[in-house]
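Colleague: Build out the structure end to end from the sequences listed, making use of the hints.
As you go down the protein sequences, you meet chains E and D in turn.
The numbering of the first sequence is numbering that gives the first Met the number 0, which starts it at 0 and goes up by one.
The numbering of the second sequence is numbering that gives the first Met the number 0, which starts it at 0 and goes up by one.
Hints may be right or wrong, so weigh each one.
What the hints assert, rightly or not - Derived lysine-lysine pairs resembling DSS-like cross-links, with alpha carbons at most 27 angstroms apart:
hint	chain 1	residue 1	chain 2	residue 2
1	D	251	E	251
2	D	184	E	134
3	D	237	E	231
4	E	184	D	251
5	E	184	D	134
6	E	234	D	231
7	E	192	E	134
8	D	20	E	192
9	E	251	D	184
10	D	251	E	192
11	E	234	D	234
12	D	68	E	231
13	D	134	E	147
14	E	20	D	192
15	E	192	D	113
16	D	234	E	251
17	D	237	E	147
18	E	147	E	113
19	E	234	E	251
20	E	237	D	237
21	D	20	E	251
22	D	237	E	234
23	E	251	D	134
24	D	192	D	20
25	E	184	E	147
26	D	251	E	231
27	E	100	E	41
28	D	68	E	184
29	E	234	D	251
30	D	192	E	113
31	D	231	E	68
32	E	68	D	237
33	D	41	E	68
Unchecked claim - If you want the ones that stay clear, here's a sample from chain E, every Cβ over 12 angstroms from chain D, calculated:
hint	residue
34	24
35	42
36	75
37	131
38	138
39	139
40	195
Worth flagging that the hints you see were computed from the coordinates, not collected in a lab.
Computed from a prediction, not measured in an experiment: that's the story for all the values here.
Every residue, glycine too, gets a C-beta built ideally from N, C-alpha and C.
2 protein chains.
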Amino acid sequence: MVITIIGSGNIAHHLGLGLFKAGHRILQVYSRNLNPAKELAKKLKARATDNLYTLQTTADLYLICVSDKAIEEVALQIDFEPELIAHTSGSISLSALSRFKNHGVFYPLQTFSKAREVPLSNVPFCIEANTPENKTRLNILAGTLSEKIYGLDSEQRKQCHLAAVFANNFVNHLYVLAQQLLEEKNIPFDILKPLILETAQKVQQLAPGEAQTGPAFRNDIQVIEAHIEQLKSDKLEKLYRFVTASITEVSKSKPSEGSRIK
Amino acid sequence: MVITIIGSGNIAHHLGLGLFKAGHRILQVYSRNLNPAKELAKKLKARATDNLYTLQTTADLYLICVSDKAIEEVALQIDFEPELIAHTSGSISLSALSRFKNHGVFYPLQTFSKAREVPLSNVPFCIEANTPENKTRLNILAGTLSEKIYGLDSEQRKQCHLAAVFANNFVNHLYVLAQQLLEEKNIPFDILKPLILETAQKVQQLAPGEAQTGPAFRNDIQVIEAHIEQLKSDKLEKLYRFVTASITEVSKSKPSEGSRIK
Chain E
0 MVITIIGSGN IAHHLGLGLF KAGHRILQVY SRNLNPAKEL AKKLKARATD
50 NLYTLQTTAD LYLICVSDKA IEEVALQIDF EPELIAHTSG SISLSALSRF
100 KNHGVFYPLQ TFSKAREVPL SNVPFCIEAN TPENKTRLNI LAGTLSEKIY
150 GLDSEQRKQC HLAAVFANNF VNHLYVLAQQ LLEEKNIPFD ILKPLILETA
200 QKVQQLAPGE AQTGPAFRND IQVIEAHIEQ LKSDKLEKLY RFVTASITEV
250 SKSKPSEGSR IK
Chain D
0 MVITIIGSGN IAHHLGLGLF KAGHRILQVY SRNLNPAKEL AKKLKARATD
50 NLYTLQTTAD LYLICVSDKA IEEVALQIDF EPELIAHTSG SISLSALSRF
100 KNHGVFYPLQ TFSKAREVPL SNVPFCIEAN TPENKTRLNI LAGTLSEKIY
150 GLDSEQRKQC HLAAVFANNF VNHLYVLAQQ LLEEKNIPFD ILKPLILETA
200 QKVQQLAPGE AQTGPAFRND IQVIEAHIEQ LKSDKLEKLY RFVTASITEV
250 SKSKPSEGSR IK
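Modeller: Structure below.
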C-alpha cells in the first residue's frame, strides 16, 4: 500500500516504521511542525509537510496518528476525497471521519514510547470501517503487521481503551507508588522487577482471578492492619483500603486457591 | 545443607523443590495434615511428619514456610535448639524467632502459585539474621538458588512486602477489573495480554515514572470524562477518579514525555 502518515508522535513513529518495514511505501508525513515531520519522513524515505492542504492525493491510505483532540481539526483540513482514511485512536468513534466516503479505524492496543521498540507482530489491531470492503482493506493491512486482528465496533473499542487504562496506566502508576515506598527505606526498585514481570506473565496463562494472591485475597486482617499502620500518606492509605475492599469483594465470590505473595 | 521444611503450601513447595534441585538434602517435611506433608516429602525424597515434637534434631536448617499467623505457634512447638532456623515471611519480624540461638529470615520476594513454575534463579531473596555468621550461612544458601541476594533489616523487608502488595496484588486486581470491563462488551481478555506484558517489561528498562502514558498523564479531560461516563459501577468510578488524580499529581512534578496509550 502507499500510505501517508498524519502525525509525528509515538504512534506515527511506531506504526510508520512498522509499515515501512513491512514493505509499504510511505508517501508523506505530516506534522504541525516541520522538523518532527522531517525527522520521521527521513526514516520512512517519505516527504515531509506541515500543511495539510498540500497533501498529495494519490495515497491508498491516509493514516491519522494525531492526538484524540486534534483528529477533528485534521479531518476538516483534508480538502479532497481520499481513497481511504483511518484514525488510530482508542476512544474516538468511527463517525468522526464520516465526512469521507471511505473511512475506518486502525487502533493498535499497545503502549508505545519512543524510548522502547515494541514488535508490532504481537500487537492487537482493532479494526472498524464504514463498509465491509474498507474493513477488509484495513484487515489486510493490519495482517502485514500483526497476527492479532480484532473486528470491534466503536463501543467495544472504547471499552477496550478503558480496560487498557486500568491494565496499563493504572498498573504503571502502582509501580510508581511502589517505587516511592521503596525509596522511603532506601531499597532499589530493582528488587521488584522479577515480581512485576511474573505478575504480568502469570495472567498470560491463568485467568487474573486465579492468579490473585496476597493479604486481601486471604483476608489476612493482621497483615492488612500492619500495612495500613506502615503507610505514611493519607492518599496511599485510602487507596490501600479501597483496593483491599475491592479484592475482598471479588474473592468472596471465588474459591480460594490459598496462594500468597511471598 | 541438610534442611527440614516446615509447611507444605506454595512456599514450601517452591522453595523445597528449588533447594532439592540445587543439591540440598531435605530431611523432613512437616505439615499440620499428614497428607500434604507426604505429598511434598515424596517429591523431595524426605520423610513426612504432622508432629513438630517428633522432628529430627540433626538438620542444618529448619525453614519455616507456614502462613504468617502460624509462625509463632510453630516456633513454640520446636522443643530443641536447632542449628539454624529461619522463616520465609515478608511481614514478620526477625524477632519472632528470637527464642532460638541461631535464627534468621529467608524471604523470597515473588508471587508463587502451585499452577505455575517460577525459576528461582531470578527471585530476589531478602536475608536477615541475628548474627553476621548466621547471615552468611543464609546468604550462601540463597546463592545456591538465586543470583539476587539482598541484606534487608525487618523494617526494610516489611516495606518491600508492602510495595509488593501494590506491584503485585493490586496490579493483578486491576487485571481482574479490566477483564470485567471487557466481559461487559463480549471482548476476550486475550486482547489485553500483550499490553499487560509490555507494561511490565517497560519498567524493567525505564523508571516507572518515565513509562507512564495515558489520559491522566496527558491531563486529557475529554477522554477522562468519557471514561467516567462509560463506567457503570460507582466503585470503578471512584477508583478511576482516585487513581487519575494521583497520576496527575505525580506527573505534574515530572517533565512530560508526551507519549500515550494506544
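Colleague: Out of the numbered hints, which ones does the structure contradict?
Modeller: 1, 7, 13, 17, 21, 23, 24, 25, 27, 33, 40
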